[in-house]
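Colleague: Chains as they are written, first to last, in my numbering: chain A, 1 to 380; chain B, 1 to 380; chain C, 1 to 380; chain D, 1 to 380; chain E, 1 to 380.
I should point out that these hints are in silico values taken from the structure, not numbers from a laboratory. Each residue gets a CB set at the ideal place from its N, CA and C atoms; glycine is no exception. Be aware that a few hints might be false.
[Stated by the list, open to error] Here are the simulated distance ranges between beta carbons:
| no. | chain 1 | residue 1 | chain 2 | residue 2 | range |
| --- | --- | --- | --- | --- | --- |
| 1 | D | Arg253 | B | Ile33 | 54 to 64 Å |
| 2 | B | Pro348 | A | Glu204 | 50 to 60 Å |
| 3 | A | Phe52 | B | Gln49 | 45 to 55 Å |
| 4 | B | Pro348 | E | Glu211 | 51 to 61 Å |
| 5 | E | Pro97 | C | Asp244 | 26 to 36 Å |
| 6 | E | Ser96 | B | Asp208 | 19 to 29 Å |
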Amino acid sequence: MLKKLRHFPKVSTKSHRDEFYHYPGTVPGTIIIDADAPPPTILLIDYNQTDFIRRQVATPEECIPYLDQESVSWVDVQGLGNQDILERMGRVFELSPLVLEDVVNVSERPKVEDYEDRLLFIARMVVPKERTYGFYSEQVSLILGKQYLLTVQEEPEHDCFEGVRLRIEKGKGIIRRQGTDYLAYAVLDAIIDGFFPVLERYGEQLEDLEEEVIAKPTRKTLQKIYQLRRELLQLRRAIWPQRDAINALIRDRSELISEDVQIYLRDCYDHAVQVMDMVETYRELASGLMDVYLSAVGNKMNEVMKLLTVVSSIFIPLTFIAGIYGMNFNTEKSPYNMPELNWYWGYPLCLAVMGFIGLGLLFLFWRRGWLENSTAIKRD
Amino acid sequence: MLKKLRHFPKVSTKSHRDEFYHYPGTVPGTIIIDADAPPPTILLIDYNQTDFIRRQVATPEECIPYLDQESVSWVDVQGLGNQDILERMGRVFELSPLVLEDVVNVSERPKVEDYEDRLLFIARMVVPKERTYGFYSEQVSLILGKQYLLTVQEEPEHDCFEGVRLRIEKGKGIIRRQGTDYLAYAVLDAIIDGFFPVLERYGEQLEDLEEEVIAKPTRKTLQKIYQLRRELLQLRRAIWPQRDAINALIRDRSELISEDVQIYLRDCYDHAVQVMDMVETYRELASGLMDVYLSAVGNKMNEVMKLLTVVSSIFIPLTFIAGIYGMNFNTEKSPYNMPELNWYWGYPLCLAVMGFIGLGLLFLFWRRGWLENSTAIKRD
Amino acid sequence: MLKKLRHFPKVSTKSHRDEFYHYPGTVPGTIIIDADAPPPTILLIDYNQTDFIRRQVATPEECIPYLDQESVSWVDVQGLGNQDILERMGRVFELSPLVLEDVVNVSERPKVEDYEDRLLFIARMVVPKERTYGFYSEQVSLILGKQYLLTVQEEPEHDCFEGVRLRIEKGKGIIRRQGTDYLAYAVLDAIIDGFFPVLERYGEQLEDLEEEVIAKPTRKTLQKIYQLRRELLQLRRAIWPQRDAINALIRDRSELISEDVQIYLRDCYDHAVQVMDMVETYRELASGLMDVYLSAVGNKMNEVMKLLTVVSSIFIPLTFIAGIYGMNFNTEKSPYNMPELNWYWGYPLCLAVMGFIGLGLLFLFWRRGWLENSTAIKRD
Amino acid sequence: MLKKLRHFPKVSTKSHRDEFYHYPGTVPGTIIIDADAPPPTILLIDYNQTDFIRRQVATPEECIPYLDQESVSWVDVQGLGNQDILERMGRVFELSPLVLEDVVNVSERPKVEDYEDRLLFIARMVVPKERTYGFYSEQVSLILGKQYLLTVQEEPEHDCFEGVRLRIEKGKGIIRRQGTDYLAYAVLDAIIDGFFPVLERYGEQLEDLEEEVIAKPTRKTLQKIYQLRRELLQLRRAIWPQRDAINALIRDRSELISEDVQIYLRDCYDHAVQVMDMVETYRELASGLMDVYLSAVGNKMNEVMKLLTVVSSIFIPLTFIAGIYGMNFNTEKSPYNMPELNWYWGYPLCLAVMGFIGLGLLFLFWRRGWLENSTAIKRD
Amino acid sequence: MLKKLRHFPKVSTKSHRDEFYHYPGTVPGTIIIDADAPPPTILLIDYNQTDFIRRQVATPEECIPYLDQESVSWVDVQGLGNQDILERMGRVFELSPLVLEDVVNVSERPKVEDYEDRLLFIARMVVPKERTYGFYSEQVSLILGKQYLLTVQEEPEHDCFEGVRLRIEKGKGIIRRQGTDYLAYAVLDAIIDGFFPVLERYGEQLEDLEEEVIAKPTRKTLQKIYQLRRELLQLRRAIWPQRDAINALIRDRSELISEDVQIYLRDCYDHAVQVMDMVETYRELASGLMDVYLSAVGNKMNEVMKLLTVVSSIFIPLTFIAGIYGMNFNTEKSPYNMPELNWYWGYPLCLAVMGFIGLGLLFLFWRRGWLENSTAIKRD
């Protein structure tokens with residue numbers, strides 16, 4: 001009672017718990033900095049078809065010279081632990097207080113907002129854990145302007161943008177020939193595609209659980225199934241609004257996004273739908289697994305009961321017979337008092353009857369198939 | 001039978017039970033005053049960019065001089081226990097009987113109604129209980145006019161508007177520079193944001209219940225899960241129509257609400273959607289928890305049955321053997337009658353056989369893993 | 001087998017069973033009179049702002065002089081047991097065969113139909129039973145003309161229109177100053193509001209069942225829960241189409257209904273939505289209760305099993321020991337044959353060992369908490 | 001293993017199994033004749049306001065003279081077992097191969113198709129079985145032309161058109177004064193109304209099952225519930241698309257259907273909606289019944305367990321006491337060795353203690369209410 | 001532990017596991033070749049009303065001369081295991097990188113995309129396994145141009161196009177007189193119709209499982225039901241988007257598809273809806289079967305418990321009586337010490353009492369119907 005034990009391995013990082021809510025009645029646009037949040041690091045990537053710069057900058061103001069150039073500037077802020085820097089960044093990128101609040105509040109629902117000269121896209125990125133099931137989840141805000149893309153990540157570890165950065169650096173594909181809209185698509189696509197490896201792990205876990213549930217259901221299996229359902233629910237909450245937001249992006253045709261990139265976005269939308277499909281399928285399978293678990297527990301109890309019943313049904317009658325001949329009726333007082341005790345073949349006959357009854361019952365149980373099943377338990 | 005016991009701690013305050021319904025056939029617009037309702041207190045806040053007045057007024061008529069001024073007037077009525085005052089207030093604010101009925105009937109469904117020169121918004125406010133799980137819930141009616149905002153609360157205790165009042169008093173944010181529409185938004189936003197702390201508590205309770213259900217499921221756990229589901233259902237009934245009403249407010253663009261405040265309302269709408277999302281997620285988790293509970297109960301029965309079966313299966317055959325040698329067949333009448341009784345090593349041999357059988361069965365059960373699990377019970 | 005017992009108290013009156021269906025292939029517009037239907041009584045209420053007449057009339061034709069006057073005429077037919085009267089009424093009010101069929105067929109789905117010069121509204125009215133849970137349900141057809149309102153009830157007992165009649169008689173509210181459309185609204189509103197007292201009873205029953213299900217679940221509880229679910233399903237089938245019909249009435253703006261009454265109808269629609277909300281909430285609670293019941297039954301079995309296991313696990317080993325010393329090995333043939341029997345402290349030692357084992361097992365069970373729970377059973 | 005037993009009474013006739021699918025890759029419009037299909041019989045009914053002809057014709061070509069007349073011709077083909085006749089009929093009525101395929105393929109989904117000069121309506125007709133629960137189901141195709149109605153039934157037995165035929169023959173209602181569109185409505189209406197008697201039977205079966213499930217749940221009850229759910233699912237699959245098709249008919253206003261008949265079709269649509277409502281309600285009840293069954297099985301096991309526990313808990317301790325005094329400790333070796341055996345009142349005291357313990361336990365069980373319930377079992 | 005056993009027979013071929021996802025951050029349009037994928041074989045069919053050519057070609061370039069002719073060319077690529085050939089094919093048919101990626105990525109969601117001069121249709125084809133339940137599933141991409149149809153299958157084994165190829169070769173139906181659009185329809189129709197034989201097997205399996213679940217539910221039955229549900233879920237994921245895609249094809253009226261073929265496509269759409277209907281019905285049945293299974297397991301445990309209870313309840317009291325008369329109270333010390341032992345009829349009376357009690361209990365159990373049921377077990 002003193003020490004509260006945590007049986008559940010905690011998967012969720014802080015951002016899962018939705019605990020940084022607006023305290024009722026606070027001024028809208030208030031920035032709340034979580035004490036545990038890591039300090040922000042700023043990575044600037046600036047490129048056009050010929051040039052490429054990638055450097056870590058210390059202050060948001062250092063980005064200013066790059067923003068007005070013709071080249072594409074990608075400012076990637078990682079970590080939300082410094083109010084001063086966040087506010088200066090707000091001034092550099094001319095973000096309204098409401099936008100800044102959305103960016104900093106790490107439990108926003110994915111959404112898109114069109115402010116004519118810029119687009120705000122709140123996304124949720126998932127990264128699979130290395131050695132175990134589960135995933136890290138963090139919020140990524142994309143602010144797309146004419147000449148720049150600002151992305152704000154919740155924390156510096158775990159992102160899935162390295163592939164995009166490499167494509168820019170190496171000039172793979174058409175990314176160096178395209179504008180900020182294509183860059184925003186590439187980042188968004190990396191976020192959506194980041195769901196697949198997470199889902200694949202759950203697919204594997206589901207298969208493992210299937211076997212476990214039928215062969216050897218224990219209390220731990222139950223924990224795992226529930227845990228799995230909870231995490232799939234989190235994935236679902238992350239992907240649904242994301243899909244809606246991408247759809248809104250395609251439908252509302254912002255001027256910031258060219259026709260060509262629209263086609264790529266449709267591809268990205270298809271992938272989001274596919275993620276959703278898989279999440280829903282896995283959820284149905286996990287919920288079916290719970291039914292199977294319940295049945296398997298019932299089955300197991302059946303086997304236990306059968307063993308008890310077989311043992312009891314065979315030995316209880318036999319013990320009764322032994323009990324009869326353990327009675328002390330006085331054989332001398334009357335020829336009818338337990339004459340068997342004095343028979344010449346009394347004891348062997350008694351044993352024979354017991355053996356006959358015991359084997360007979362065993363035979364009956366065997367014919368009903370009860371013995372087979374109780375052997376089946378042994379195999380597990 | 002004489003004394004009806006209440007095992008369930010009652011969470012719901014009166015307004016939850018929807019018990020003040022229109023008695024079929026009564027005149028529409030009838031005001032029914034609940035005998036237990038607290039008497040109304042009226043708080044007047046009047047402010048513009050430079051001035052600020054906050055005072056308790058005794059009669060609705062005292063508000064009249066403030067209503068026509070250029071300044072923003074917020075009349076906050078708390079408590080519905082006095083028909084006379086309510087009717088006079090209806091006259092002061094020129095409320096139609098149907099509106100007044102909606103305001104006084106404390107089990108209305110959240111909704112918005114546009115009467116051109118004023119807006120009626122029926123909302124439901126939740127405030128978390130201090131020491132325990134659960135929440136107080138009360139109806140708040142907002143009547144938004146050109147120069148005033150009238151809010152009517154069900155009872156004076158528990159509201160979540162203090163933050164708004166302080167922002168006005170201290171002049172924090174832009175509230176003092178804005179009109180009644182912004183004030184109405186601020187109040188509405190405080191109501192929606194008031195759901196988050198309540199939900200956070202349920203999130204914690206869910207985690208506690210998860211552990212409890214797997215480690216030590218008792219009848220009390222069952223009660224708590226059901227209770228949780230019931231309260232989440234209440235939250236759901238409160239937030240769904242609220243979201244629809246805010247959506248209608250945004251979509252129908254009343255003239256009383258400026259463009260700027262529309263943007264803030266969209267933010268408020270996002271939060272309402274987020275609340276809904278969380279409620280639905282928690283409901284799914286709670287319903288999954290019930291499945292887990294059922295399985296855990298089955299599991300526990302399995303453990304109990306296993307213990308019984310192990311004990312019975314080992315001792316029943318042994319007792320049978322003891323029974324055999326407790327029989328009284330006359331060894332003198334025949335050499336075949338229980339000759340074992342007269343063997344030199346008879347008793348030790350018999351004990352040895354018993355020990356062998358007992359240990360053999362124990363070994364079999366150990367190999368099937370039955371002994372492990374029954375130890376697992378001890379750990380709980 | 002001879003006498004078929006009805007364990008279920010029948011709630012449903014005949015109209016619930018939907019048993020008067022159109023026999024396939026009959027002429028549309030055929031009137032089928034149920035042999036058990038009560039004979040119709042006709043109540044005429046005629047009023048304007050100054051005058052009021054209320055009288056029982058014997059034949060439909062007696063209403064004719066009232067129908068053409070400027071005053072509002074409300075003809076209320078109660079009971080469907082006389083084909084002749086119903087057909088004459090059809091002629092008096094110029095009802096087409098299809099309309100008359102809808103009116104007489106008491107298992108129609110609530111709906112509204114607009115025939116330009118008149119409106120047909122099929123509604124379902126529920127009235128709570130006096131002493132027990134459950135409700136009477138009957139169909140009410142409203143035919144709204146320019147100068148009259150014809151209502152046809154399935155049977156004369158149980159209606160919820162008395163409040164409306166009194167309001168007309170006493171001149172309460174604005175009803176005497178309004179036309180037939182307002183009267184139709186008042187009747188419809190009384191029908192919708194009639195669901196609230198029925199629902200309140202179910203709310204109470206749900207709370208009672210919650211306690212019963214956790215504290216002392218019996219087979220009767222199961223019956224009650226199923227019964228409750230069935231009746232809520234009936235309520236749901238009654239209120240859903242009714243809400244749709246009122247919505248259609250508001251949306252399609254018949255010329256027979258004035259702008260003012262439209263506003264009142266919206267209020268009535270809000271109440272219908274509230275009823276629906278409550279029905280759905282209660283249905284979810286009742287269905288959750290079934291889960292709780294299943295778990296509670298499992299819990300109870302657990303307690304029973306625990307008691308059995310405790311008793312068996314303690315006494316079976318002890319009985320085995322007693323069995324050993326009940327064996328008849330000949331102590332004279334060998335010093336190894338049950339020497340304990342001849343020890344000086346043999347018997348007390350044996351009892352001491354038994355006591356030690358028994359108390360030890362008891363202690364183990366106590367530490368696992370098994371004894372507590374079995375005491376908990378006693379408390380019920 | 002040799003003889004495969006069918007425990008389930010098969011309700012479904014062949015057409016239920018959807019087994020005549022298009023083999024992948026076959027030419028569209030291919031007619032597949034089932035070897036078991038009954039040979040077609042053709043019934044011609046030709047009528048106008050004054051004349052009426054009803055005769056069995058041998059070949060489709062015999063219908064030709066009637067088709068061009070002003071009178072209404074109803075050609076009713078029953079049975080699909082002759083490819084030649086079906087193809088000749090296709091030529092007589094100028095049916096395209098795709099239409100003919102739809103007509104002959106007896107597992108089509110109900111639908112409507114408008115070919116300007118004719119309408120194709122694929123419907124599913126159900127006819128209740130005579131002595132048992134369940135129904136026959138067959139496909140009926142209606143082809144509505146200007147001067148004729150062609151109906152093609154899957155088999156000659158069981159239809160629900162006799163009422164329509166009699167109405168034409170006797171001139172009941174307005175059918176003789178109307179065109180082919182009204183005839184098509186009358187046939188469609190008979191098909192929809194044919195669902196009511198089937199549903200009524202299921203309503204009765206549900207009530208019977210309710211009693212059975214609570215009073216005496218056996219394995220057969222389980223079978224029946226599952227069977228019921230399966231058949232309701234079939235009904236649902238039949239009525240949903242039928243409702244959609246009627247709705248499409250009303251919405252798309254074919255030129256072949258007059259304004260007047262549109263009104264009748266709306267009535268028919270209302271009935272289809274009512275059938276759907278009932279099917280859904282029954283499905284919910286049946287699914288609730290399964291929950292009740294599961295709980296009832298648990299309840300019953302509880303009763304069994306209670307009896308076992310009562311018997312064991314009372315007799316196992318008593319047997320232990322008897323065991324103690326059956327031990328053979330040598331009373332002569334020590335005064336502490338079972339001195340009770342030599343007491344004067346030893347045996348009566350021992351019996352008294354046993355009786356006291358036994359009655360005491362019985363009293364405890366009685367107070368817990370365990371004895372009542374086990375008596376309740378007896379009543380079943 | 002060392003050897004991980006797979007209890008589940010794996011149905012899914014690789015493409016089911018969705019394991020070839022876009023690695024987050026890769027260039028869109030990247031072609032990933034699975035190492036296990038079979039090398040492509042290319043089958044060219046070229047025909048018009050008079051001529052027909054069918055030949056295996058080695059390189060994509062060999063098709064070029066056929067593509068520009070007036071005749072219809074069907075290039076059918078089977079297998080995706082050679083990147084070079086796929087890329088050359090992309091050049092021959094002028095496929096954009098995004099299209100080629102969709103074609104090669106074998107876990108795309110079925111969809112249709114209209115690129116004005118060509119149509120891309122991603123479909124999923126299922127082929128039933130020969131000897132067992134289950135199906136092979138592979139992706140088929142259709143690219144429809146003016147003069148050619150390119151189909152790309154995942155692997156060369158198992159397709160359902162042989163019927164179409166034969167129809168072309170033999171000139172059956174109208175296929176030789178039609179263009180590429182009709183050919184595309186024929187292929188699509190073969191794919192959709194390919195679901196029916198798969199579903200029919202599941203229909204049969206469902207019936208078998210129904211019997212098994214009620215008569216003899218074992219752990220294997222549970223496996224089979226879960227397996228069935230999982231596979232139906234896969235079918236569902238395959239058919240839903242396929243139906244949507246066909247619908248989009250009909251609705252968006254590409255210029256590549258003539259009016260005539262539109263009508264055929266509607267027929268194809270009807271079949272897709274029918275497949276969906278069946279899948280949903282089977283899923284509901286399978287999920288109902290799980291409930292039945294759980295109940296059946298409970299039922300079986302009931303039977304086992306009954307047997308145990310009958311045996312225990314009869315023999316435990318009898319053994320107790322035998323125990324009493326096995327006690328060693330000294331009959332010589334007191335006339336009250338077990339005088340029965342010395343009675344003349346003592347033993348026979350004792351046996352008689354035992355027999356009476358035993359038969360009496362048996363009679364009670366028989367009257368409660370417990371004996372019948374336990375015989376029922378024997379029958380299984």
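Colleague: Each of the hints needs a verdict: does it hold here or not?
Modeller: Results for each hint:
Roughly 55 Å separates the CB atoms of D:Arg253 and B:Ile33, a value that falls within the hinted 54 to 64 Å. Distance hint check: the CB atoms of B:Pro348 and A:Glu204 are about 58 Å apart, consistent with the given range 50 to 60 Å. At roughly 52 Å, the beta-carbon separation of A:Phe52 and B:Gln49 lies within the given 45 to 55 Å, and the hint holds. For B:Pro348 paired with E:Glu211, a C-beta distance near 56 Å keeps the hint of 51 to 61 Å intact.
Taking the beta carbon of each, E:Pro97 and C:Asp244 are about 51 Å apart, not inside 26 to 36 Å as hinted. Under the hint 19 to 29 Å, the C-beta atoms of E:Ser96 and B:Asp208, about 55 Å apart, miss the expected range.
The structure is inconsistent with the numbered hints 5, 6, although it conforms to all the rest.
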